[in-house]
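Protein sequence lines correspond, in order, to chains S and C.
Mapping the first sequence onto the working numbering, position 56 (from 1) lands on 320, and the numbers just tick up by one.
Mapping the second sequence onto the working numbering, position 197 (from 1) lands on 461, and the numbers just tick up by one.
Just a few of them, taken from the derived set where beta-carbon distance is under 7 Å, the chain S residues facing chain C:
#1 P381
#2 A444
#3 A448
#4 R452
#5 L456
#6 Q460
#7 Q472
#8 F473
#9 P481
#10 P491
#11 P492
#12 L532
#13 R534
Distance windows between CB atoms, simulated:
#14 K587(C) <-> L380(S): 36 to 46 Å
#15 R319(C) <-> D489(S): 43 to 53 Å
#16 R487(C) <-> N305(S): 29 to 39 Å
#17 G356(S) <-> D505(C): 50 to 60 Å
#18 V299(C) <-> D508(S): 36 to 46 Å
#19 E345(S) <-> D375(C): 49 to 59 Å
#20 E345(S) <-> S572(C): 53 to 63 Å
#21 D489(S) <-> N598(C): 26 to 36 Å
#22 R487(C) <-> L380(S): 21 to 31 Å
#23 A594(C) <-> N305(S): 54 to 64 Å
Computed, partial: chain S to chain C, Cβ under 7 Å:
#24 A445
#25 G485
#26 F488
The set of hints was computed from the structure by calculation and includes no laboratory data.
As the structure is a prediction and not an experimental result, all values here were calculated from the model.
In this text, a Cβ means the ideal position worked out from N, Cα and C, and glycines have one as well.
Next come the chains, spelled out residue by residue.
There are 2 protein chains.
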Amino acid sequence: MGFATAAVVATDTFAPVSVPLDAGLHAVRGEIAAVLSMRHNGPRPVRLRYELVGRGDAPVVVLAGGISAHRHVAANAEFPEKGWAEGLVAAGRALDPAVQRILAFDFIGADGALDLPIDTADQADALALLLDHLGISQLQCFVGYSYGALVGQQFAIRHRQRLLKLVAVSGAHRPHPYAAAWRALQRRAVALGQLQCAESHGLALARQFAMLSYRTPEEFGERFDAPPEVVNGRVRVAAEDYLDAAGAQYAARTPVDAYLRLSESIDLHRVDPAAIRVPTVVVAVEGDRLVPLADCVGLVEGLGPRGSLRVLRSPYGHDAFLKETDRIDAILANAIRSLGETA
Amino acid sequence: MGFATAAVVATDTFAPVSVPLDAGLHAVRGEIAAVLSMRHNGPRPVRLRYELVGRGDAPVVVLAGGISAHRHVAANAEFPEKGWAEGLVAAGRALDPAVQRILAFDFIGADGALDLPIDTADQADALALLLDHLGISQLQCFVGYSYGALVGQQFAIRHRQRLLKLVAVSGAHRPHPYAAAWRALQRRAVALGQLQCAESHGLALARQFAMLSYRTPEEFGERFDAPPEVVNGRVRVAAEDYLDAAGAQYAARTPVDAYLRLSESIDLHRVDPAAIRVPTVVVAVEGDRLVPLADCVGLVEGLGPRGSLRVLRSPYGHDAFLKETDRIDAILANAIRSLGETA
Numbered sequence: 265m266g267f268a269t270a271a272v273v274a275t276d277t278f279a280p281v282s283v284p285l286d287a288g289l290h291a292v293r294g295e296i297a298a299v300l301s302m303r304h305n306g307p308r309p310v311r312l313r314y315e316l317v318g319r320g321d322a323p324v325v326v327l328a329g330g331i332s333a334h335r336h337v338a339a340n341a342e343f344p345e346k347g348w349a350e351g352l353v354a355a356g357r358a359l360d361p362a363v364q365r366i367l368a369f370d371f372i373g374a375d376g377a378l379d380l381p382i383d384t385a386d387q388a389d390a391l392a393l394l395l396d397h398l399g400i401s402q403l404q405c406f407v408g409y410s411y412g413a414l415v416g417q418q419f420a421i422r423h424r425q426r427l428l429k430l431v432a433v434s435g436a437h438r439p440h441p442y443a444a445a446w447r448a449l450q451r452r453a454v455a456l457g458q459l460q461c462a463e464s465h466g467l468a469l470a471r472q473f474a475m476l477s478y479r480t481p482e483e484f485g486e487r488f489d490a491p492p493e494v495v496n497g498r499v500r501v502a503a504e505d506y507l508d509a510a511g512a513q514y515a516a517r518t519p520v521d522a523y524l525r526l527s528e529s530i531d532l533h534r535v536d537p538a539a540i541r542v543p544t545v546v547v548a549v550e551g552d553r554l555v556p557l558a559d560c561v562g563l564v565e566g567l568g569p570r571g572s573l574r575v576l577r578s579p580y581g582h583d584a585f586l587k588e589t590d591r592i593d594a595i596l597a598n599a600i601r602s603l604g605e606t607a
Numbered sequence: 265m266g267f268a269t270a271a272v273v274a275t276d277t278f279a280p281v282s283v284p285l286d287a288g289l290h291a292v293r294g295e296i297a298a299v300l301s302m303r304h305n306g307p308r309p310v311r312l313r314y315e316l317v318g319r320g321d322a323p324v325v326v327l328a329g330g331i332s333a334h335r336h337v338a339a340n341a342e343f344p345e346k347g348w349a350e351g352l353v354a355a356g357r358a359l360d361p362a363v364q365r366i367l368a369f370d371f372i373g374a375d376g377a378l379d380l381p382i383d384t385a386d387q388a389d390a391l392a393l394l395l396d397h398l399g400i401s402q403l404q405c406f407v408g409y410s411y412g413a414l415v416g417q418q419f420a421i422r423h424r425q426r427l428l429k430l431v432a433v434s435g436a437h438r439p440h441p442y443a444a445a446w447r448a449l450q451r452r453a454v455a456l457g458q459l460q461c462a463e464s465h466g467l468a469l470a471r472q473f474a475m476l477s478y479r480t481p482e483e484f485g486e487r488f489d490a491p492p493e494v495v496n497g498r499v500r501v502a503a504e505d506y507l508d509a510a511g512a513q514y515a516a517r518t519p520v521d522a523y524l525r526l527s528e529s530i531d532l533h534r535v536d537p538a539a540i541r542v543p544t545v546v547v548a549v550e551g552d553r554l555v556p557l558a559d560c561v562g563l564v565e566g567l568g569p570r571g572s573l574r575v576l577r578s579p580y581g582h583d584a585f586l587k588e589t590d591r592i593d594a595i596l597a598n599a600i601r602s603l604g605e606t607a
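In isolation and in its complexed conformation, chain S is listed as follows (with noise of 0.2 Å):
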């Protein structure tokens, strides 16, 4: 086993609130209490907490995204709502659940229960003790956003074993400067809320800038080329609506904690690329104000024989795995045959 520093020490602490997979029913969420072992704190209790859709015996596909990705993919017939990568996940799809099981989780730490440093690498391990809890040996492809493409890339080096191949989604090996000094500030204006009393105020804040780092000025120019208002003395600019209710509706759901921790984990992160040894897709996206392209073909370089580049022109920048479903779909549906290929 490849992560000797974490156990489990307590499974089933919920069950799951579907029946069992073996039944051949279509959808399962359950969560676990656990023991992590923390790159930066050391053993922490933890709770795992995942979707599982598909049958019982199809290979496993794991989805993981942004920091503000969850567990549900993708409405199903047993949790209709919908979930944050609705047209990727679907019937004649390449992530189909009629073909594979599709597994995604909550990233330890969105719950907002752990108020330290959380590392990439933490959340690599608390897959492999989910896939553990699971009777899951080995993943058919690991598929990652953003976030969820750092946990990836820690997941092929650290239980390389357990993984086929990696499809790496608009996430380098490292954080651009650039980009965790935007970042950085976001931490800054939820700080400046958290001063008195206003914590929502500075978290709605932080991901309205964190929106202008998602988007790009081609959609902003766009949508948002209205004149400005003067409105009780101030003036008003035609995005604002926009970033209010951005910002608004993701203070509501978004406990603070989880927000500042994951977004200071994507800064800590850093892995040599030379250590990722199954094969990987990397996706880049043209215009990504956040990961840029020439970081993605660092890691491209860094991968050698393993790695190959798929670039995407979109005016939704670091967005466009969320937009360009189609394309996505498209992507990953080559990358997935590719695989079998190879395995």
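Using the hints, position chain C against chain S.
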């Protein structure tokens, strides 16, 4: 006169601190009390503060910079402290006090005394009042950078008979919606600070976010590539020392209302390029995250035969004017020389 909306009601309320210009000395500062008819607020008392450097009979060039610029552009015998455009105003440069008189002024609102919407048209009319006071009928050239370029456009439109040539660096005829959103969020950081009795803290954060828009990922990638540190249980990235210093320095010297109202003023700016009827050189920086090249091209297209474009590639982005002084000087030399041919 092209500024019927503005009227001087009192001049020389404050005597110049140096001897009068026509004595042939090099630098003079002055401050005028006036009433300005403001676009969004009607008549308001304002202070017009200027510095004029050069010989009394030379042609006058106005140099106006970004919202944090001021009347002191370069050290001189009378005022030896460093100015904001050192390296561009000097012996042998295109802007040489031995050849022209260089006029610079504090933007209205820069003293924090105007807590209301300020239009770029107001700044242009304030300059016209100042020229009346100084007995200057016509400018050889208006060199505007960033906010100064917007003011120059308004001056060319509203007071065209007083201007022979405009050089507009890193400023288009309207703000880009993405840049406007970025500034709106900076103003929210200030508002959050005000809510928390941490006004200078909020202003420093706003300035730090602004720094990211003034500079480029290329520069940050070169300067701040060190790994993050965990300090007191918090992740601190490599650029934070730099950003701390930039924020503190700015907050110490800038009234909060000055920042808010001049930031708004950029977002209020919208002119029709076709209304600018003086020869205009537009200087754009490829990689400027605030003023995209495409918007400068739009400005030049609207100028028709009166416009020409110079494009600079710089890792300093929006701040190239202040950093690439040799290359900017060469562009200014050409622009001022070509004026001689057409005037």
